[in-house]
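*Asks:* Each chain, letter by letter, is given below.
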Amino acid sequence: MPSVILRDTKLQGNISEKDSITIDGIVLGDIKAEEVIINENGSITGNISADNNIEAGGQIIGDLSSDRIHVVNSAKIRGKLSHRNLVVEEGAQLEITSSTRKKIMNNKE
Amino acid sequence: MFFKSNKKSQDQVQGFSHLGENLRFEGEIDCKGEIEIAGKVIGNVKAKKLRILETGSVKGRVLTDDVEVLGHMIGNIESVNILIGDKAIVRGDLRFENNLVVLEGADISGHVQKNKKEKIKRSDTEKVKYLEHNKIAS
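Chains as they are written, first to last, in numbering that gives the first Met the number 0: chain A, 0 to 108; chain B, 0 to 137.
If you're looking for bench data, these hints aren't it; they were derived computationally from the structure. Among the hints, erroneous ones may be present.
Claimed, not checked - Below, in silico cross-link-like pairs of lysine-lysine (DSS-like), each with a Cα-Cα straight-line distance of 30 Å or less:
(1) B:K115 - B:K45
(2) A:K17 - B:K31
(3) B:K58 - B:K31
(4) B:K31 - B:K86
(5) B:K31 - A:K75
(6) B:K48 - B:K58
(7) B:K115 - B:K128
(8) A:K101 - A:K75
(9) A:K79 - A:K17
(10) B:K113 - B:K86
(11) B:K39 - B:K86
(12) A:K17 - B:K86
(13) B:K58 - A:K17
(14) B:K115 - B:K47
(15) A:K17 - B:K48
(16) B:K31 - B:K113
(17) A:K9 - B:K31
(18) A:K75 - A:K9
(19) B:K48 - A:K9
(20) B:K58 - A:K9
(21) A:K75 - B:K45
(22) A:K9 - B:K113
(23) A:K9 - B:K47
(24) A:K9 - B:K39
(25) B:K86 - B:K58
(26) B:K48 - B:K115
(27) B:K113 - B:K48
(28) B:K47 - B:K31
(29) B:K47 - A:K17
(30) A:K79 - A:K9
(31) A:K9 - B:K45
(32) A:K79 - A:K101
(33) B:K47 - B:K86
(34) B:K39 - A:K17
(35) B:K113 - B:K58
(36) A:K9 - B:K86
(37) B:K45 - A:K17
(38) B:K58 - B:K115
Sequences are here, hints too, so could you generate the full structure?
*Replies:* See below:
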């Protein structure tokens, strides 16, 4: 079962997950997972690296690295993006530098 | 999933957070609602209601209102109600205020203490009985 962190929960530290993780709460620290979904209420301070997909809808301060990054319209992001495919929806607030790579090396554990 | 963010009611959270089997987390957890841990957590956990599932393991201090341990737990637990499941392994002290339930088969080593101070006079009465018995015998 994938992990879910609701908005009444605050995590302070590094997360590594081999499955999907959905975040609606507060995370202070780095996240490493196969898929990261950050909902509207989610707030993350730290770097996110996913193998497949990042769906960013909340507040993020930090670097994102994934094959596919989908920035939803409720997102507020400050940091660097590194990706193969990038989707940005209308209305997203961004302060980013973004770079497309042909191959992303994700160092799996 | 567990949440539908159509309603923006910030105070009421439906459902509970879940840390999956393959998750590893190092650091502090502070949950104002319910949280379920099936993965590995190293660090202190503070929550209203905590459930450590059979695959879950927590190393650190736990401070909750309700706690259910069905998996591994290394560290002290301080809670109003504690439930230890039959396959649980607990290494650490248990401090509870109201209820402690330990199911048959649980593996516990550590101090168990009720936090509210209630005077238990049974040991005193036993001592008196022992002294009286000695008197009669002599």
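*Asks:* Keeping to a limit of 30 Å between CA atoms, is the pair of A:K17 and B:K86 held or broken?
*Replies:* 25 Å, holds
*Asks:* Check the hint pairing B:K48 with B:K115 against an upper bound of 30 Å on the C-alpha distance.
*Replies:* Holds, because 20 Å separates the two Cα atoms, which is no more than 30 Å.
*Asks:* Going straight from one Cα to the other, do A:K9 and B:K39 come out at no more than 30 Å?
*Replies:* It holds: about 17 Å lies between the C-alpha atoms, which stays within 30 Å.
*Asks:* Within a Cα-Cα threshold of 30 Å, do A:K101 and A:K75 meet the stated pairing?
*Replies:* 26 Å, holds
*Asks:* Checking one constraint from the list: CA of B:K113 to CA of B:K48, max 30 Å. Satisfied?
*Replies:* 19 Å, holds
*Asks:* Keeping to a limit of 30 Å between CA atoms, is the pair of A:K9 and B:K31 held or broken?
*Replies:* 9 Å, holds
*Asks:* Are the Cα atoms of B:K47 and A:K17 separated by 30 Å or less?
*Replies:* 27 Å, holds
*Asks:* Does B:K86 lie within 30 Å of A:K9 when you go C-alpha to C-alpha?
*Replies:* 29 Å, holds
*Asks:* Quickly compare the C-alpha distance for A:K79 and A:K17 to 30 Å and report which way the hint goes.
*Replies:* 23 Å, holds
*Asks:* Given the hint that B:K58 pairs with B:K31, test it: the Cα-Cα distance must not exceed 30 Å.
*Replies:* 20 Å, holds
*Asks:* Is the straight-line distance between the alpha-carbon of B:K58 and that of A:K9 30 Å or less?
*Replies:* 18 Å, holds
*Asks:* Given the hint that A:K9 pairs with B:K113, test it: the Cα-Cα distance must not exceed 30 Å.
*Replies:* 29 Å, holds
In the structure shown, no violation is registered for any of the earlier numbered hints.
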